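As you go down the protein sequences, you meet chains A and B in turn.
Take any residue in the first sequence, note its place counting from 1, add 432, and you have its number in our numbering.
Take any residue in the second sequence, note its place counting from 1, add 699, and you have its number in our numbering.
Bear in mind the hints are in silico, worked out from the structure with no lab data behind them.
None of the values given here were measured: they were computed from a predicted structure.
Glycine residues also receive a C-beta, built at the ideal position from the N, C-alpha and C atoms.
Check the hints yourself; a few may be wrong.
[Stated by the list, open to error] Derived coverage of chain A by chain B (criterion: at least 3 residues anywhere in the stretch with Cβ under 8 Å from a Cβ of chain B; other residues may be distant):
#1 513 to 519
#2 528 to 536
#3 651 to 658
Listed below are the residues making up each chain.
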Amino acid sequence: MISVERVSHSFHGYPALKNLSFSVSPGECFGLLGPNGAGKSTLINILVTLLQPDSGSVTINGWPLATEAAKIRSSIGVIFQDSSLDERLTAHENLYFHAMFYHVPPREASQRITALLAMVGLADRSNDRVITFSGGMKRRLEIARSILHQPQLLLLDEATVGLDTQARRRIWDYIASLRQDYPLTILLTTHYLEEAEICDRIAILDHGAVIACDTPARLKEIHGQKTLDDLFLHLTGRDLQDSETGELERLKAALRVRRIK
Amino acid sequence: MTSGLKDSYYIMKRDLIRMTRQKMPLIGAVVRPILWLFFLGTGLKFGFIALPLVGINWQQYIFPGIIAMNVLFSGVMSGATIVWDREFGFLKEITIAPIPRWSIILGKVLSGTIIAGCQGVLVLAVYPLLGISLGFLQLAQTLLAIFFIAMAVTAVGVLLAARIRTLEGFGAVNNFVVMPVFFLSGALHPLSNIPDWLKILIYLNPFSYAVDLLRVILLGLDGDPVLDILTIVLFTNVIFLSALYLFAQRRQYYP
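This is chain A alone, in the form it adopts within the complex (with noise of 0.2 Å):
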């Protein structure tokens, strides 16, 4: 389903990627735990075909990136961590756009659309303008809209970032019970400890490699740590939830200043 070899990406001399290597099987969820700077972002701007690495190859659903960049997106669904959804638009006007551009034909999008906003629980906001939605629902439709196209992998990049633990257990539920109805494998960066948990399996990242990849339960047992906080602190001597920028963000971030200026 993914394959990723020997990738390597920097951003103006700063390695955010160095060798990543590792593979996700068709149905499987897969987590990327790492903290800020560790090269999640990066990972998915490449995996979304948004971005060329420097070296190595990804293969993704059976096509090659490098030369089948369309089918690639054709074949994913992608929520990322701020929501791209257009608010001055209501929550059926957003899906009707995304589903013209994934060609599902017209008559069937309509049909889509109606289940899926039924299924996400907005089927009554379906005329509202999504800038009256909260957090929440936001990130319920884009679920939805993720999902319209159908396709074979869902990415997740921190997808339930801003959101109350509450909401996030509701997102969680959601995609649980989908891949109950549909097969879908799934990518997910987290920095959340309860989303690794429910991973079957899950590659921790840091400074822009995978140090360790294995099922939680097995990786807890190998490293003899009790919990994914304690084994990510064994293994990278810091805490997953801290939140200081790491020097990737530092530089993404002056860049962006830079560019202001």
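Dock chain B against chain A, hints included.
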């Protein structure tokens, strides 16, 4: 190709829906020409030197320039929708969709053209108040010219949006691009009796040919409409292709 055109259509449709939900740009599009045409035009008419053209007053003379100005402001500023889409994530959403890059640019140019063109038509509608009479053919030619010019200036906005990444930065475009282009187009004064350096700058400005084209059609003044049209077509193509190139180059997105 057909699929790419459909994608452009949906990008255009989305922009037009969003536009109908914004009141301020529409109010601006109405107020701006009123200020220029009726306040400045009246001032020029009564308080300034006589126009060296027989049978045309100042208000009538600047009328084509004011139409072009409204199209210019709206067209160039339509690039801000791309910057907005980039800042609020929608550009990322369509960039990872299976649609060609050119269809995004074309969709943006089409929506900007329609919006800017309509704002030009809004100004055109006041022609009877200025004592200008237009036949059906003249009216049709003017409408065609307005949308033609709208496409050219919208392409400029899209090109600028390929390089300007913040809405604040795009705000500066008004001062550093739109106003100089407008003032150096001869929209507000005839070219006779002006210094040679100014005349050269006006001749080098592609927007001068847009103003000239409207002036020839609306007022029947001497001009070279063929040269005007060729200049606008060439300019639009160069700018559109440059915008495509710049957007295709932009492969590195920072999270």
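Do the hints match the structure? See the list:
1. Residues of the segment 513 to 519 of chain A with a Cβ under 8 Å from some Cβ of chain B number 7, which satisfies the need for three, so the listed coverage holds.
2. Counting residues of the segment 528 to 536 of chain A whose beta carbon lies closer than 8 Å to any beta carbon of chain B gives 6, which reaches the threshold of three, so the coverage claim holds.
3. Remark: the segment 651 to 658 of chain A is not confirmed as covered by chain B, as 0 of its residues place a Cβ nearer than 8 Å to a Cβ of that chain, below the required three.
Hint check: a violation occurs at hint 3 only; the rest are consistent with the structure.
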